Amino acid sequence: MSTKETVFNRIKESGHVPVLPEILVRLLEACDNQATPLTQVASLIDKDPSLSYKVLQLVNSAYFGLKTTYSGVDQAVVYLGVNSVKNMAVTAAVHQVFNSERFNNLKYFNIHTFWHHSLKCACLARRLAELTGQANPDDAYLGGLLHDLGKLVLVSAYPEQYEAVLADSPPQEELLEAEQSKIGAQHADIGAWLVADWKLNPLIGDAISYHHEDPQRVTGAFPLVKIVYSANELSKDGNQEVARGVADLLLGVDGEDLKQITEAANEEILQISAELGITVEAPSPEEGDAGRTVIVAEDGATLHANLASRIKGIALLSGFLENMSQAEDNEAMIKAFEQSLQVLFGFDRTVLLMPDRDEVLLTGRASASNKLRGLSLELILPIQKSSSCIVKAYQARSLDYLKTSEEQENLADRQIISAFGCRVVAVVPLSAEMQEVGVALIGLPESMTELSTNDHRLLKTICQQAAMCLYLDELKARKAEDIETERQAAISMTARKFAHEVNNPLGIIHNYLTTLKLKVADEDNINRELGIISEEINRISAMINQLDTFAQASFSTSDLTNVNNIISDIVQLVKSSLLNESATEVSFNADPELPLIKTSPDGIKQIVINLLKNSSEAMGGTGQVVVTTSRSQRIGSEGQGEIIIRVEDNGPGLPETVKDNLFTPFISTKGIGHSGLGLSIVKKAVADLGGTIECTSESKRGTVFEIGLPISNE
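Residue numbers for the sequence shown, in this note's numbering: 252 to 965.
Worth flagging that the hints you see were computed from the coordinates, not collected in a lab.
Careful: at least some of the hints might be erroneous.
Stated by the list, open to error - Listed next, the in silico BS3-like pairs over lysine-lysine satisfying Cα-Cα at most 27 Å (straight line): (1) 586 / 622; (2) 622 / 636; (3) 849 / 864; (4) 826 / 770; (5) 826 / 856; (6) 951 / 864.
Stated by the list, open to error - Pair by pair, the computed Cβ-Cβ distance ranges are: (7) 842 / 952: 33 to 41 Å; (8) 611 / 839: 29 to 37 Å; (9) 638 / 594: 30 to 38 Å.
As the structure is a computational prediction, the values presented were derived from the model and not from experiment.
Here a beta-carbon is modelled for each residue, glycine too, at the ideal position from N, C-alpha and C.
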């Protein structure tokens, strides 16, 4: 036969302390909701013995090494924080789900009557403590809740033996003897041992240990022991007169007060079960306190199946969340988000709407592989004063639906439903750090009219992670821009000062060379050498002029400009002057429908001239360069689209190592004699005009620079 110590060690090593699925699910919901106060999280845990055990065990463990012992779940939750509590709960869930058969296959142990009795005892103990003022109500509640935890542990660690204990439905005294005989320990001993192991108030352990003691002996115990003992007697559905007599003997509480307390406790159990959706059953008179009954476990199996589904969702979800967090750029994040919806839910119609920098417009975003990519590029919604349900959901950060069965007042909302080709489009907000990040439009399958509670919960988690990733990516981009702006300003100031300081001595040297040439006009060899020196000085002057150009003030965008005319003039100028001795062919394909835009003609000239020179030099004075203009569907900062200027050559392309530093000042790909400022000047000019520049290059297939300038005529 096993000794008590052997039983304790086996239980401690097994970790077989099951968790009530309904409470676990609610706890996960509470932890997922950032608005849930810690007191509510603690309240949920407080209603479940095994969760209470795990929380208190964790906070009082050697891992934290606290000098103070936490005996209250609320204090433990505050110390641990929501994340630790959630991790513990998920771990417990996985352990229970994959061991759920130990409950489903039990014939004589009814988990629902167990919870009914435990909750009733806890409620009664707290009310008795409040009425008598003889003990801490929280300690009394915990003692009542945990008083029979030993049964739950025994039936988990020794299911076959405990079934044999319950099979004969012995009276309480014989139950304890049967536990001792068949297992080697009584459930009261197990419960008291656990409380001692947690380092809780020893009086709670005493209350658990003595809750089946002879009442005459309990009269000499401390108040908490007497309160839990009385609560346990009053929790039984047997002879209440006997139970009230025991409570009167131990606490001196009269029958009328006990009757009122019992009625109030019964109502409280109903409130708790209704609030949490817990299935509880009052034991039949034949069961007594042993909890023996023959049950069909369909309800329990359903609950475990639901929880198992949720755990599987969490397992799949973790992979997609990791993909999003590790995505290198915005495009990869959006693709990971779309894939997670496809795999976890089967949703294959998804488009994001995200605000522009000025938060004036919501514009569509989708990955390159998304079949709605083309549609996304055309989606533009003004944020201010909009009647669109999409915009309202974005601003309120609340879930909404667009349905064909409901009349949509806003025309854009109607168009979305039509374009998605489904009866219902879910409008799911994305927010992070109390900041709106965007909104996801998700076409639901024909069989769905709304998201289920479980789907919404899981989808909310995905959207929160996606929103945080996109939010942090935007912060990172803005920070990088700020750093680059400061860097460019510092370089400009240095370049301006350097150009000024160097130009003065260069001018003096150039004047002396001119004078010297006049003095030695008849000496051909000397004149030739002086000419070489003069050419080198002129080359240095040209480089210094580039520095001065780089350091010049920003271009203004005050002129209404015909971009086609500006570029046409530049191409002719380049052909006749800058590239007149080069074999490079330059052509221009203009979009005749291009609108006038408010920009700087000088800025455009500088951009195009530098790009043409860069292409010609990269191709060694040969090859072809084509300049093209067009109007893009992409949305500029002013919300009216963009003009695209495309400069494409058929040269050798750029090495990968060069692409990373393409626009960095003073880094040249053309060797000695070049300042490395040409493309930096281009980028600075584009930024001054409020535009964007992108470069794509393939080895032996050429390089393309694409500049986007916002359309604005105001």
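A quick look at each hint next to the structure:
This hinted pair checks out: residue 586 and residue 622 have alpha carbons roughly 12 Å apart, not beyond 27 Å. At roughly 31 Å between alpha-carbon atoms, residue 622 and residue 636 are farther apart than 27 Å, so this suggested pair is violated. For the hint linking residue 849 to residue 864, the alpha-carbon distance of about 26 Å falls within 27 Å, and the restraint holds. A distance of roughly 39 Å separates the Cα atoms of residue 826 and residue 770; the hinted pair therefore is violated under the 27 Å criterion.
Between residue 826 and residue 856 the alpha-carbon distance is near 14 Å, which keeps this suggested pair within the 27 Å criterion. Proposed proximity of residue 951 and residue 864 is supported: the alpha carbons are some 19 Å apart, at most 27 Å. One distance hint, 33 to 41 Å for the beta-carbon pair residue 842 and residue 952, is violated here, with the actual separation near 24 Å. Take residue 611 and residue 839: their Cβ atoms lie about 33 Å apart, and the range 29 to 37 Å holds.
Taking the beta carbon of each, residue 638 and residue 594 are about 35 Å apart, inside 30 to 38 Å as hinted.
Against the hints set out earlier in the document, violations occur for numbers 2, 4 and 7.
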